[in-house]
Amino acid sequence: MRKLVLLLFIIFEIVSSAYSQNASVKGMLSDTIGKTNLPNAVISLLQAKDSVLQKYSRANEHGDFELNGIAKGKYILLITYPNYADYTDTFSVAENSSINFGMISMITKAHLLQEVVVRQSIGTIRLKGDTTEYKADSFHVPANASVEDLLKKLPGIQVDKTGQITAQGEKVQKVLVDGEEFFGDDPTLVTQNIRADMVDKVQVFDKKSDQSTFTGIDDGQKTKTINLKLKDDKKNGYFGKINAGGGTDGYFDNQVMINSFKRKQKIAAFGIVSNTGKTGLGWQDQNSMGMSDAVTGISDDGYMYQAYDNDDITGWGGRYNGQGKPLVQTGGLHFNNKWNDDKQSINLNYKALQFMVDGENKTNTEYILPDTLYYNNQTQNFNNKILRNKLNGTYEFQFDSTSSLKIVTDGTTEHKSTINNYITEALTKSSTIVNNGNRNITADGDNNSLNTDILWRKKLHKKGRTISIDVKENYSLKTSAGKLFSKNNFYNSDPASPSTQITDQYKTSNNKSLAFDSKFTYTEPLSTASSLVANYELIVNNSLSNRSSFNKDANGLYNILDSTYSNNYTFNYLTHKTGLSYSFISKKIKFNIGNNIGFTNFIQQDNNANIQTNRNFINWFPQTRFSYSFTSQKHLYFSYNGNTAQPSLQQIQPVKTNDDPLNIVVGNAALKPSFTNNINLGFEDYKTLENRFFYASINYRFTENAFSNNNNVDSSGRRVLQTINVNGNYSITGYLNYYFKIKKPELRLGFNSNFGIDQNANIINGLSNITNSNNYTFGFNVSQSKEKKLDNSLRADATYTTSTSSVQQNITTHYWTYTIHPDLDFYFPKKWHLHTDCDFIYRQKTSAFDNNNNVIFWNLWFDKKVLKNDALLIRVSANDILNQNKGFNRTVNSNFISQNTYTTIQRYFMLSVIWNFNKNNPKKDDDWRY
Amino acid sequence: MKKINCLIFISLIIQSSTAQNSRFVTEGRIEFERKINLHSQISGDGLWQDEYKKALPKFQTNYFNLLFSNNKTLYKPGREVAENNKINNWWALPAQDNIIYTDLDKQQSISEKNLFEKYFLITDSTRKISWKITDERKTIAGFECRRANAIIMDSIYVVAFYTDEIITPGGPESFTGLPGMILGVALPHEHITWFATKLISIPVKETDFKIPVKGKKMNSAALKESLKESFSDWGKYADPFKKAALL
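So the sequences go chain by chain: A and B. For the working numbering, add 741 to where a residue sits in the first sequence, where the first one is 1. The letter at position 183 of the second sequence is residue 182 when you use the working numbering, and the numbering goes up by one with no holes.
Think of the hints as simulated: they come from the structure by calculation, not from any bench. One or more hints might be untrue.
Taking lysine to any residue and the SDA-like style, the derived pairs with C-alpha atoms no more than 20 Å apart in a straight line are [unchecked claim]: (1) A:Lys1204 with B:Asn84; (2) A:Lys790 with B:Thr133; (3) A:Lys1428 with B:Tyr118; (4) B:Lys34 with B:His188; (5) B:Lys127 with A:Gln795; (6) A:Lys948 with B:Thr138; (7) A:Lys1200 with A:Asp1141; (8) B:Lys85 with A:Tyr1263; (9) B:Lys197 with A:Ser1142; (10) B:Lys57 with A:Glu921; (11) A:Lys912 with B:Ser225; (12) B:Lys227 with A:Glu1431; (13) A:Lys1204 with B:Val80; (14) B:Lys53 with A:Leu1201; (15) A:Lys1482 with B:Ser225; (16) B:Lys213 with A:Ser1373; (17) A:Lys1019 with A:Tyr1061; (18) A:Lys915 with B:Lys57; (19) B:Lys57 with A:Ser1142; (20) B:Lys137 with A:Glu911; (21) A:Lys1484 with B:Ser225; (22) A:Lys1328 with B:Asn87; (23) B:Lys137 with A:Tyr825; (24) B:Lys117 with A:Ser1373; (25) B:Lys85 with A:Tyr1323; (26) B:Lys85 with A:Ser1373; (27) B:Lys57 with A:Gln1139; (28) A:Lys915 with B:Asp134; (29) B:Lys53 with A:Ile1210; (30) A:Lys1428 with B:Ser225; (31) B:Lys235 with A:Glu1528; (32) B:Lys127 with A:Val793; (33) A:Lys1329 with B:Asn88; (34) A:Lys915 with B:Thr138; (35) A:Lys1375 with B:Asn113; (36) A:Lys1530 with B:Glu228; (37) A:Lys970 with B:Ser219; (38) A:Lys1485 with B:Glu228.
Bear in mind that the values here come from a model prediction, so they are computed numbers and not experimental data.
One chain only, chain B, in its complex shape (with noise of 0.2 Å):
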């Protein structure tokens, strides 16, 4: 408890200062809250589904940091939540547990991604998102935020709120290419939304960005390749799967 408030005054110190004297951040860390809705990926509609949406819980926490200093962040998972052990969930999509370095100079980042238990290492461009930007605002961890909406992967619809009080301009997951720092992405249609909780304003050093290592290395259209192949005869059910580990 005394943490959280030691991290709320921190995170205050920093809404304050930027406020005043429109002082920009370059670097800290960034924790992000994600929401899964495990009811909504539940398929179909029976006595079956029923029964297993009172033992789920509706939704599923878990936390991401994302460490930022300039041009280049580091996204991998944060805190763990005791209660996510209890949840056995039998829907449970792959690449959950993302670790991602973008060097947003070169336009490129690295991935590892566990698919299933067996871990990829992608390297590629990043993801080109054509963001339409909106008048609409939200206030994300003390940053006033402007939305952006965009489809990425040709259905998935996104929406994105950023700050330019953050000069690095990455984000959570795999999203970047707004002027600014993402601070909250939900994909309303899928039910997944990542929104920060807290800046910790600490100097980052380029020792600190621990380029992921581990997994076959490939690149996007590589892993796409594989998963046609792998999933080849499962049908539609392979969908989320494709997706989700695509994204």
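Extracted from the complex, chain A is given alone in its bound form (with noise of 0.2 Å):
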């Protein structure tokens, strides 16, 4: 009703304000020399306090106008007409009037050209090649004095007063502010505005026209042209985090955080002290501070993408896995800078981590062997530490337009200490007792690195021609010592007097290698749409391992080298690697063929027997990439790559290694490179103003010489493995997703299912293997977001997982896996935030899996923001309330299938104090569109 009557009166103002604009101007416009008419005169009538247009109309072909309907007021009558000098007439118009002007003599433009008299003053001009540059900061002016204000300063730059500079005699046609077009703002209309104080350099130069800039053939036409470089964010300062937090049971989890900027440059660091699992920064906290274990990239595709580099070792890889408990002592410096125009930058990082964890590790595995079956329980106790420190930086010169050099670099130095004790026992299918026996692993290692990569790039005359010059250098030095204590007892023979046997060896490994990859590439342009990329690329990999056992003496010491377990070998290999692709992108098509050939020498030298081995390969690498897009939110891709990959050095190396006496490994000199068909094909589309997104994808792969195992069981249940190469491996996995919105109640749908079917191949007791292991993934979840009062979602998801071995095809295993996890956030007044989330987990016991795995791991918390700008979060949190959570895993893509269990973090409850601090910060994280 309210709405109703604001709306008549709405309309009656309208009509009584129409009702009153009734008044009227006329007049006639000649020219006072050749007194012809001027039709099609444009006669404004703007509004005198803020020469806002209110009326126009054009002058008819004897030069008469008139104007109707105008309300009462102040006006301002402008004449325009080209090559006229402008009239302009202020009046004010009563209620019906009608006001004849007459005639209105309008005249040609006078040559009056008033240029402002420059006052000299001494200041900074430098000349750069064709630009004229002036230091802004040196001449003096008025503080909030504009643009123009400083242009009005420099020598050789004038300004009348209608705004148009001219500069060195000729009329600027652009004005540029780092690179844009100026306008300068109304500051009647806008706040915001260039002052005079942000600019640094104001340079003079003559722009050469878009075209003569795209073929690089001068044309000739060049307009003067003012560029306008403003300071570098003029505020200097600061933004942190303090995050404080102490629980029960010994939990503890603090963070430092601090980033300073001052113009470009940026230095910050952090430290972390905590045992509730975080072993560094945060995904947003690296993005703002700059600095990341990652590197970061954008595809071809335009996609971004991350590499984390792999420095995992045998054994434990020194990174929180969610296994264990761990307890992280972390901190890092970090620098960056940008100078001479951005065109060179660096970023320094430095970290040292110091990370402990220890726990308890079940593993129960099935041996489904031709003839019969084994179980293996296995505890494992492991105590870990590890020392890293690591420095790494980016250089990136930008010579000039054409050219640049981008210089990345990391050294890396680790110290581990390892501690494991393993308490083993293998089960006949009818549960008696084949071998037990318990192992003591105790070692240290260090791991030095260092790694290199320089490119530079360059385009060349032609738009499009590019070459570019790649080398990476690689080198690592691992070595680690320790002691081996082991004791089996074998039943097999006699139960009652089981044979025992003992290893208790020191053992020594020494692992080095140093790679150069040097990479030529070149880019021929065919077409706007086309071009041609060659590349030549040589790959040196050299690297030596020297493995040694040692046996007791008489005198108890470590003096007796175990040749069976010891081995000094050398593995290089050269590849010199080249091929062509094509590549064509349209609007809809995207297009890319190309094939590489790659000749490998390999060269293996046993060094205690002096053997050595030479062999030649020559491997392909094809790869083609086709999208089309329907529309720009609707794809369909299709890609296809083949790969080959190098055996290690641990694969092919021919020595036999005892680290779990149960389990020899067994080098492979005669490994061959394996070379894997990958195929994807998927398809896209995606609504946004529906809120409605569907993908579905396929991929399969396929691997020719795949890296498999052939395994040795014993009757006392002892296995030699080696890697070997089979044929016959592949794996599909599909996925499909559909997510939707629907309007009442205002709800996100999603439904989810995947698929996967692999098949693996291996050899056991001397038949072949096939295992054929399958999962079928259903889900669905539901999600509802209001801004700032919740943010729920429920997501359930149902798996199928099938494996069957081929030696003993009646023996299947089988299983459903269900999780149901609801995530609530709910947002009170006076910023009470209460968070709460729920992992129910049922998994399905099998035969040979029957113990009780299900799982109601539940989190739970409660904070509030207090201070001004929510700059304090105070907050109360419980991990795993009702002390449930357990790591679970398992493996059944062979006839080995296990299940493995192993401490994790369980129920604590937290107090944490979380303070945010900055001083002029220029930027908001959370303003990240994705």
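Two chains, two separate frames, one set of hints: put the complex together.
Here it is in structure tokens:
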């Protein structure tokens, strides 16, 4: 009702005001000299107080004009005609009045360009090639002066009263601000304005036409241009975060992060001491601090990628993967700076980490053998520690618009100490004991690595023609030494008196590798849409592995070399790789096809036996990619690539490894490179306005000469395994996702489904075995979000897993896994916030794994923001309220089916205080759109 | 190249004829060059954003043609720029290839807008813009233009340059309402500009105005309501989308 009244009122107002807008203005135009009438002259009526255009008209063929329906008020009459001076008059209009201006005489433009007399002042002027550059600060202007005021002060530059700028006697056509055209803001309409004191340099030059910039051919067309280079961010400041958290059962989580910036220079530092599983900064903090463990880049398709370096060594990688109870102490420093107009930049990071973790890991394995079945149970107690120092840096130099250099380098030192205790037993199908024992490995290791990547790129004269040279170096030295003590009892010959095997050895390992990879790439444009890329790559990889095992001598000293488990081996390979690829890019089609051929030479040398083997391989690297965009939101894509993988030195070194005497690993010097074919087909359709998304993809990969295992399990339950090349391995995976939004109630719903079909071949006791393992997942999710009120979601999925090995087709493994995950956030008045999430996990038992692994893992926290700008957050949280969390993993893709459960962080309660502080922070991290 | 020379020649003829005889143009075709600063659209600051700026060119250029005759104009995408196919812009805004027919006598326009591949046909009255006329001049495509400033949609600052030598009071996109043809528009804070590159003097027939027909029919207010519904749970991330769609 109120709305209706308002509407009626508005209508009445419009109507009544329309009634009062009935004054009129008329007149006639003529040229004083030519005495001609001026048809089509524009007669504009502007509001006197702010020059806002109210009405306009054009004069008729006799030069007469008339404007009707004018409201009372004060106006400016503006009459314009090409090449004539503007006529302006200020006048008032009364209601219902009619004003006749009579004959108005227009005058042709007199040449009256009033030049402003420039007062010469001493300032810094530089000549850089064709460019005259003025240092803005050296010319004095009053506070809050406009850019025009500054320009008036510059010698050689004049600004007339209409704002027209003349430089070096020529009219300035364009004024740019950091390369973008500058118009000068109307201070009565906008508050933001470029002030003179924000300008760093004023550059005056002749801009070539876009055509000549594009072709590189000077067509002689130039426009006088002024570029205002703004000062780098005027503000200096800092921002940071302190998080202090203390909990029950000795849990704590403390973090400090500070980031200070001064123009383009940034210095940041962080420190974390935590035993709740946090090992480094979160993604968002890494992004805002400019420090990351990963190499961040943009792919040709425009997708962001992050590549993490993988410096794991055999055994324990030195990272937290959820196994055990961790204690992390880490800190880092970051520095970056840009200078020389951002042409040069440097980014340096240093990180130190001390990480300790201990826990228990239980593994139950079902050995499916051609004639029998074993159950293997193992309990591992681990206590590991690592100290890592890492320094990395990136330097970039954009020499000019055509060439650039980028150098990325990192160096790492690591010291690891590991203590592992194992208790094992093997049982037959009928639960009688085959073997049991315990094993103790204590080792210390040092890893050092240095990697460098130098990339030089140059755009050549023809648009699209480029060359680049990329040289990579990787050096690593890994040494370790430790003791192995193992005692195993075997009951297969006589259960009453088992035979015992004791291994008591001191082991050293020395692993050195140096690789250089140099790649030369040349791109030739064939047309605006297509291009050809040629490349040549030389890869040199030299590695040496020296492994020694020593038995005790009579004095109890480890002095006797055990040659069975010792070897000194060199593996060098050299690859020449060259190829061509063609790519075509249009609005709808993106297509790329190419092939590389690689000539690889292996030199393998057993340095103790002095046997050298020389092998040659030809490797192919075919690839094609095709994508079709039906619209910008609906795509179909297909890709194929064939990839060669070289065997690792660990796989190829012909030595027996008895780190676990029940699972002896033997190297295979005859290993060939493997070749994997990878085919992808996908379709996606995103409807933004309907909030609907559909995605489907299928991937098929099959491998020739895949790396697999040849296993020999004897009647005492001992296994000897060796990496071999097999054929017939493949995997097919498929994904289907469909999300949509319903309006009432406002909910987002999603369905997802995926499957995996795997075939893995291996050899077991001389018989070839094929294991087929499949999994099928169906999932559903629903979510609802109301800004500043709630953010809730529920996810549920069911997975069915099967596995059959051809050596015993009658034994099949199959089970269901169900997960339900509600995740709820409620935002209450006075900045209270409640979060709770829970994992209900049901893992079906199988004949081999009949223990209960069902878990309800429930977390909850409450927080409140206080102080100005919500600077302080106080949080009370409860992790794993029901104390049921359990590390869990099942592997079914070979005839060795295993289930793994391990210690993980369980219930604790914590009180945390998080303080966010900042001064002049120019950015808000949550502004990021994706 | 020959073609370009020829066009320059034509526009020089037009220039000289208008300069000497004050001949007024009532029909023809104007080519507009739209430039968008892609880097300014990347919000936030950090490692990823820095990498994106390196991968994206700073400016994206597109061309549009404005066909006009007396009081009718038709604005639509012009020649394609092959370079743009290589740009992978995650921040791409909707409604970047509008077709707009405007009847300036009736103050009506029909716009075909592609919003995330869904087409809308918006029939509404032309936008009422309170233009502030200034004394500043600029020569665009050989025409002397006068600058006018305005604020539209509550917050978008517009700088326009119009010439009284072209009688049709039209302009690119939805910008009209000045006493002559708008040959340049800049949204300085949105980092977008439209500038005429040339005027091609050709006779224009009534039948040349192919009124857009594709898309769901509605008016601006309904479109605004529909966008509000679509982006109801997007928060502030949808603001740039909404702004671009309604411009």
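Looking back at the hints listed earlier, which ones does the structure fail to meet?
9, 11 and 37
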